[in-house]
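Chain B: place on chain A using the hints.
As a plain string of letters, each chain reads:
There are 2 protein chains.
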Amino acid sequence: MSGLYAQLQVNPYGGCYLSATQLAGATTEQLTELLIELQTSPYKLCWLELAAADSALAAFLVNHGFVFHHCQASQLMLVKKLQPDAYLPLAATHTIGVGAAVLNEQGQILLVREQPLAGQAPGYWKLPGGMVEPHEHIELAAQREVKEETGIDAEFVRLISLRHHHHGQFGASNFYMVAVMQALSVDIKHDPVEIAQARWFAPTEFFSDEKASPYNKLLVEAALSGHGWDSVKVTGYRQSPELYEMFVDPAVFERRFGQ
Amino acid sequence: MSGLYAQLQVNPYGGCYLSATQLAGATTEQLTELLIELQTSPYKLCWLELAAADSALAAFLVNHGFVFHHCQASQLMLVKKLQPDAYLPLAATHTIGVGAAVLNEQGQILLVREQPLAGQAPGYWKLPGGMVEPHEHIELAAQREVKEETGIDAEFVRLISLRHHHHGQFGASNFYMVAVMQALSVDIKHDPVEIAQARWFAPTEFFSDEKASPYNKLLVEAALSGHGWDSVKVTGYRQSPELYEMFVDPAVFERRFGQ
Chain A
208 MSGLYAQLQV NPYGGCYLSA TQLAGATTEQ LTELLIELQT SPYKLCWLEL AAADSALAAF
268 LVNHGFVFHH CQASQLMLVK KLQPDAYLPL AATHTIGVGA AVLNEQGQIL LVREQPLAGQ
328 APGYWKLPGG MVEPHEHIEL AAQREVKEET GIDAEFVRLI SLRHHHHGQF GASNFYMVAV
388 MQALSVDIKH DPVEIAQARW FAPTEFFSDE KASPYNKLLV EAALSGHGWD SVKVTGYRQS
448 PELYEMFVDP AVFERRFGQ
Chain B
208 MSGLYAQLQV NPYGGCYLSA TQLAGATTEQ LTELLIELQT SPYKLCWLEL AAADSALAAF
268 LVNHGFVFHH CQASQLMLVK KLQPDAYLPL AATHTIGVGA AVLNEQGQIL LVREQPLAGQ
328 APGYWKLPGG MVEPHEHIEL AAQREVKEET GIDAEFVRLI SLRHHHHGQF GASNFYMVAV
388 MQALSVDIKH DPVEIAQARW FAPTEFFSDE KASPYNKLLV EAALSGHGWD SVKVTGYRQS
448 PELYEMFVDP AVFERRFGQ
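Each protein sequence line maps, in turn, to chains A and B. So the number in my numbering is just where the residue sits in the first sequence, counting from 1, plus 207. So the number in my numbering is just where the residue sits in the second sequence, counting from 1, plus 207.
Treat the hints as calculated values from the structure; they're not laboratory data. One should not assume that every hint holds.
One copy or two, it doesn't matter: identical chains are merged, so the pair holds either way.
Stated by the list, open to error - BS3-like mimics (lysine-lysine), calculated; alpha carbons at most 27 angstroms apart, straight line:
1. 440 - 424
2. 354 - 396
3. 440 - 354
4. 354 - 418
5. 354 - 251
6. 440 - 333
7. 440 - 418
Same shape as in the complex, but just chain A:
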């Protein structure tokens, strides 16, 4: 049994796996030996993770039937089905964006106009928002984006909508969720790089603005309605509520877990 085969870690769906650390400095001779041993192994899938420094091995693995599965900046995961019926779990498919309908104590709503990208016409008044960073909660992402774009501090109240489309960048699909937030400050200091203008609107002024998009008007309507999904914590779900967020209609939560 070769050195690499002996180090294989078992993972779900009948897979075996070697980490970038385990493969560091591996030779094509060692990989050849491993691949021969895998032919008579019980495994259904083989996952091999290459550090960027070992990229030269990628061509060898591709020539031996491996495909790319997912990557980080300095690591590339390749996978090979050892049995044709093996279930191959999906890598990440979606980017996530979050918008915020921030209301102040006067019932006004915070809207921005983004700086146009090169060669594009300026956009019109819309909700502030942006991309959710890796491993960031939606509630915190909404707070961060509002602060970055407008300088306003705000706290999460509830989710009011969800949009799903398949024309995102890099072949990824996109979810865009929108939260209602309560403003905790008043004075706007917009980010001049990303945002051209930011100001508080009376909802009636925004609704009568013919240039504003019907979609953004729907979101403001939803923000004012009081409808939406609260962030709830279900006792006994996972070890720690910090590990997840869960959103549902508050009346439903009350009916099941209230007094």
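Just chain B now, with coordinates in the frame of chain A:
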């Protein structure tokens, strides 16, 4: 100006890009020439996409400051910041799952017990569901998963909850959304590979089952409540409603777009 530099495509955020087709069979000499020309170019980012057959070039690019960004089975995208303040857009960060609370005409709910993965204890009664495939709408994914797991035909009614966590496979985060569906058929034929048991439950029976999880009881409560978000189409949003799904409280939609 080298052959590769002349073929550069401009893309958003000040980037330039060569496709896998443009780079097919490129030599390290050609890439060296390109990298020298990029040093005095106006571009902020350089994206180079390698076909699997050109994987041997990955090591060269990594040695010259490129990092992995995203991949498909047979294509790998590498990127380099040419200016240190360049904005690098995120690749996909999330996998998406969908569960379905399928109700029949008797008000019963369809629940399944999954076959355990190797080395794991059998799970308990829960909603059917699974992963959303690349470029699949949530409504269709819910329908497909219910059909695959239980043989039941069902149609989407509304979304009732959303869960977000960061302990998914491969370092990805996960969104799990749950839909209420109306059953269009009665006879269950469960998938024996993935599902150990499937049957219709009276909600009262499920609610009094001490082994059922509080989270799944919350979802059944939400399914019965009539609360949730409908799939809506906003006139004038995008060219075609087939390109996106949009979910919001139906009362809000009615208030804005109703008669």
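Residue 440 and residue 333: within-copy, between-copy, both or neither at 27 angstroms Cα: Between. Shortest inter-copy distance 19 angstroms satisfies the 27 angstroms Cα cut-off; intra-copy 31 angstroms does not.
Within, between, both or neither, where residue 440 and residue 354 count as close if Cα-Cα is 27 angstroms or less: For residue 440 and residue 354, only the intra-copy Cα distance (26 angstroms) is at most 27 angstroms; the inter-copy one is 31 angstroms.
Intra/inter-copy verdict for residue 440 and residue 424 if alpha-carbon distance must be at most 27 angstroms: Cα proximity of residue 440 and residue 424: across copies only (14 angstroms, versus 31 angstroms in one copy).
Identical-chain pair category, residue 354 with residue 396, by Cα at 27 angstroms: within (9 angstroms within a copy, 52 angstroms between copies)
Copy assignment of residue 354 with residue 418, given that the CA separation must stay at most 27 angstroms: within (26 angstroms within a copy, 44 angstroms between copies)
Copy assignment of residue 440 with residue 418, given that the CA separation must stay at most 27 angstroms: The answer is between: 19 angstroms across copies meets 27 angstroms, while 40 angstroms in one copy does not.
Alpha-carbon proximity context of residue 354 and residue 251, limit 27 angstroms: between (48 angstroms within a copy, 26 angstroms between copies)
Figure legend: structure checked against the earlier numbered hints; every hint is met.
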